[in-house]
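Produce the entire structure from the sequences given, and follow the hints as far as they go.
Residue numbers (the numbering used here), protein chains in the order written: chain X, 1 to 359; chain B, 1 to 359; chain E, 1 to 359; chain Y, 1 to 359.
A hint or two may mislead.
Identical copies carry no separate label here, and so any pair may be met within one copy or between two of them.
To be verified - Calculated lysine to any residue pairs in the SDA-like style (CA-CA distance at most 20 Å, straight line):
(1) Lys166 / Glu187
(2) Lys258 / Glu310
(3) Lys324 / Gly33
(4) Lys60 / Gly308
(5) Lys274 / Thr167
(6) Lys215 / Asp194
(7) Lys314 / Ile273
(8) Lys198 / Phe86
(9) Lys258 / Arg326
(10) Lys198 / Arg326
(11) Lys166 / Ser253
Think of the hints as simulated: they come from the structure by calculation, not from any bench.
Number of protein chains: 4
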Amino acid sequence: MPGNSFGQLFRITTFGESHGEALGVTIDGCPAGLPIDLEQIQTELDRRRPGQSKIVTQRKEKDSINIVSGIFEGHTTGTPITLLLFNEDARSKDYSHIKDIYRPSHADYTYAAKYGNRDYRGGGRSSARETAARVAAGAIAKVLLAQSGIQIQAYVNQVGELMLNKTYEDLDLSQTEKNIVRCPDPEMAEQMIDYISKIKKAGDTIGGVISCVIKGCPAGLGEPVFDKLHADLAKAMLSINACKGFEYGSGFSGVQMKGSEHNDTFVKDGNTIKTTSNYSGGIQGGISNGMDIYFNVAFKPVATVIQGYETIDKEGNMVQTKGKGRHDPCVVPRAVPIVEAMAALVLADYSLLTRTIKL
Amino acid sequence: MPGNSFGQLFRITTFGESHGEALGVTIDGCPAGLPIDLEQIQTELDRRRPGQSKIVTQRKEKDSINIVSGIFEGHTTGTPITLLLFNEDARSKDYSHIKDIYRPSHADYTYAAKYGNRDYRGGGRSSARETAARVAAGAIAKVLLAQSGIQIQAYVNQVGELMLNKTYEDLDLSQTEKNIVRCPDPEMAEQMIDYISKIKKAGDTIGGVISCVIKGCPAGLGEPVFDKLHADLAKAMLSINACKGFEYGSGFSGVQMKGSEHNDTFVKDGNTIKTTSNYSGGIQGGISNGMDIYFNVAFKPVATVIQGYETIDKEGNMVQTKGKGRHDPCVVPRAVPIVEAMAALVLADYSLLTRTIKL
Amino acid sequence: MPGNSFGQLFRITTFGESHGEALGVTIDGCPAGLPIDLEQIQTELDRRRPGQSKIVTQRKEKDSINIVSGIFEGHTTGTPITLLLFNEDARSKDYSHIKDIYRPSHADYTYAAKYGNRDYRGGGRSSARETAARVAAGAIAKVLLAQSGIQIQAYVNQVGELMLNKTYEDLDLSQTEKNIVRCPDPEMAEQMIDYISKIKKAGDTIGGVISCVIKGCPAGLGEPVFDKLHADLAKAMLSINACKGFEYGSGFSGVQMKGSEHNDTFVKDGNTIKTTSNYSGGIQGGISNGMDIYFNVAFKPVATVIQGYETIDKEGNMVQTKGKGRHDPCVVPRAVPIVEAMAALVLADYSLLTRTIKL
Amino acid sequence: MPGNSFGQLFRITTFGESHGEALGVTIDGCPAGLPIDLEQIQTELDRRRPGQSKIVTQRKEKDSINIVSGIFEGHTTGTPITLLLFNEDARSKDYSHIKDIYRPSHADYTYAAKYGNRDYRGGGRSSARETAARVAAGAIAKVLLAQSGIQIQAYVNQVGELMLNKTYEDLDLSQTEKNIVRCPDPEMAEQMIDYISKIKKAGDTIGGVISCVIKGCPAGLGEPVFDKLHADLAKAMLSINACKGFEYGSGFSGVQMKGSEHNDTFVKDGNTIKTTSNYSGGIQGGISNGMDIYFNVAFKPVATVIQGYETIDKEGNMVQTKGKGRHDPCVVPRAVPIVEAMAALVLADYSLLTRTIKL
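So this is what it looks like as structure tokens:
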């Protein structure tokens, strides 16, 4: 209830601050008997890791995963799985200059307003470092989903004004991880990398869009009314730092279509029911229909700019300051595994829930 | 957990099918002592009611509200409030022709796939009629919020390609309810009404966008990490029938901005901390910052078109059919009070939760 | 969260006050496809109904069940099931004399202290009349459990000092419903009936104990740590009006046993693992082990005595008053179906949850 | 939902197995600004610690507390507090002899039946070692409650047949911690210690009862209907390993009383409303009334006896074995702080919830 847990049956709780002892996550409800390979988790964390390329923050967290509980002889036991990431490259001193000021478009002021205090070291709990814990948990959710043939792939679709004008079906998603910006189109990837490098050089930041595709999801996942599958995907995505928008299927552009164009015609293909188009984005009435699920997630430019700026301190005095430390010029390359992890957590939860629906 | 409840502390559970005995909602957790005026609830329901104008469905539900529990001598008692709307103009026969077919882009197939059965009368539980229960509950949430000076106003921003090119600040929102399409710009409203009328005549439907503004929200609402205020607003909106997307503050267009442009500068205005711009949409780090909260909600064209179309029946045979009954050519005019209701439910929940955060 | 819901996956929410429009319950999460017979529900309600015999309250509620939603063509649809009981024999005037006083050992004072107001008509929400809604929901839970061969039987074990000195295994539980006090031992039943009749004549009330046995529960139900099966049974029972205690298996008397006596020896019986004794009460480590589950529930004497008594009004003045209306001299005969209903709700919930535990 | 969390607003999740890396707990929802003294937590853990006296298990866990998150500059920040206890004296080899057998009245068989696997080292997750995490969290709950003047004190009331025949009001509870059995009556304490020593010598175990008193609880805590304050206390207590029963106020003995005797007469004492007797145990209608809350908790004899015994292995073969390792001859001395911790967690949760009830 107090906001640090996600999911109902496959339920995670994350904890830890950017510059505290450690970050961690507890997964409660993961079925027993699932084989867990530490390297799988580590691989996902490495995709999110700072310092992985020239276009991301140069902080040096290794983010080595530690298993505290819930796994015995290589398999989940059905009891809570806790994973820990100790904080290493903390450099608390980097943050002393912001101790008393409210950085624009960060959570400094709102945390102070809410709690009457604030852990100013690197944003404390509001730091995007918390998402490492989600990625670790998502790695386990992915293992669970793989058992039912569900696969999740995200990629960078847009950086600033540079936008892919192709649908996921016209792209070769196996190319996504082959470049540092995680855009499956090699030419566009190069443009994006150049652009982000320029932005970085200018001490500025830029936004972007991540697209995500879920294949192999059976019909029947999602709950009617409030817990529609896409409603929980929306919440999952908007809960990621810097996220500003979500759309699935035809999304905002579907607004301009007529019903006669937008409706997806059903056909029977062997024993499977399919639709000839998929404006529905694989979800109808909040429930998956067996077609690919796809959605877009918008991210704003990172708030920490290295350029100088004006703001106020906690007494309300105007102060002149500038960003220090090592920050991402654009969040989307490292957010790709986070989007996948959150999608995996939603689907793992609903694939467990769906077992309880029929006699 | 099973999907028919929303909220944690101000928690609603809706029930009822389109053509069953009644629709209803139970609110658990509404504070005791709140004055409740039956007419306030009825007024909100009338804004959502079918048959209210020439551009909406001509079904004739009166949607008269009945109070079953939780209100005594005109005030809430702190015990669960149940409100009922009996179904009157049901006309179950209108639906016999769809008993065995899966209408395209409806929930017919997914419900059947999920539950192994389906109440085919008017979509049963998947009918947008369920939102009447939300509007009734939202009316009570609004009364609670009004006590803290929080006000919620939604309006139609776009119908098909007809889009307001003004921000909410450049509009006179008091004009919203003065026309049947609920667009605060009288000229644009007229264009929209004409357009919807034509769409209706053609037996087709069209999508739209609703914008919503929340004024008077104090700083500090929303929970860090998963239950960010905008994440729950997103879920709330995406849980509304036909919704395809959500964006808040700068939204999808913020993607193209640089951090140096997008950051909202803090200033002190008397005793209040404000920002000079508001790309953050009133929420930073998932927590309200005291500025106006604003967001957009995309709706697809209604799936029921009166034109003929092809689909399959439950055995997979192709069938030729066409929409019958009385349906909305465009969902947004009647969805305005639904968007407001869902926003009110989110804020009511968080305004209770925020009482528990500090010593 | 706010206290009017019970269960997680098979989740009920009750609403309504003793003298309001109606009492009701919504069940969310009941699997689709379950055949529901209105008469089964009514039969359970009739076991709880006032006026059923000379030793219970003579109020005349018929408690006829109305189905509002969730059942279509005789089967559950997977959507929320709402059941309503309209209040008929309300006689609000019976309660005007207690409008301003706090009756001893009732909830009058605590409701007023909690909510700052109080529906004084028959105790409002605190009335045991609320349990009718639980019995209705429990009837549906019983249908679900019967599909897996789980059966629940409760009976009166003690009234005042009159106590059965037999375990459930030495009793013929098929006799329970054959007498009005619901004690399966006919001789003891007669003594109890006489005793309660005397208590009633004296305008007084008396407590009692109900025992409950669950047969056919498979091994594996219940969650480790907090949600132990017996912990939720305890909560379920203590949530019934007038309940003061719970013990399962060896219970309070097991305290005096040595481990060497108390341990239940495992044996293999064909393909089944059993224990030769059952001090564990069918639950080990919070999880059912396949043996019979049994427990006792203590009920205090009903607080409403017809004799005169002294108390205070809301200004704190001493007042002399006496019980009016028609009240139970002993709660246990009518509480037997309530105990069964609450047990059924716990087991239905865990039998759904247990589907999610393994791969 | 999956059973390793407790509480709603002051919500804990525990994790870890007896012989894994560490045990831990995350508290989500603790208000910001609470001063936390590591020594207070350690003191509570020391009361539960093995090896503290001759009548408890001689295992040598130091149970030193580590703070991972949520506390900054000595105060809670409002973000999740995670506490870790690393396992030191694990001696996994002690348990190899039980790898394939089901110990009687342990959770070996039920865990295997539920999960299809089992961490046999010291009972894994089913070990009472898990309660250390609860005691750590309870220590923080106590700090929160102390701010409102709420105090919780438990003590040993019975060991085997040795029973205090005094109410808590006739005892000097400040004596409880002055002896190793934690019975506030020095003479009875001595008898209990002698008795437990004999039981230990005989390689056997014995049960006991703990009483608990809560003073300073304001009127108004607890929710009507399902979440009655005593119902959640019951669940909390029954969730403790080896617990078999719970009664509050008059409890099981109240069954034999008449209503005219049992009713607690209200009187006004200055500005406070009190009752002249307290059979209600400080709770009426599920809500605290401002009087002392008191209850009893029954514990069975520990299942691990050092004597030889017969049981079966996982193939169902009879095997002869005996308890090894270092076990408690009687659980109650070390369970006193656990009972207090669980009571504190319930009250902390409800004291936060109660802030949301009125306007």
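Hint numbers contradicted by this structure: The structure conflicts with hints 3, 4, 6, 8, although it agrees with all the remaining ones.
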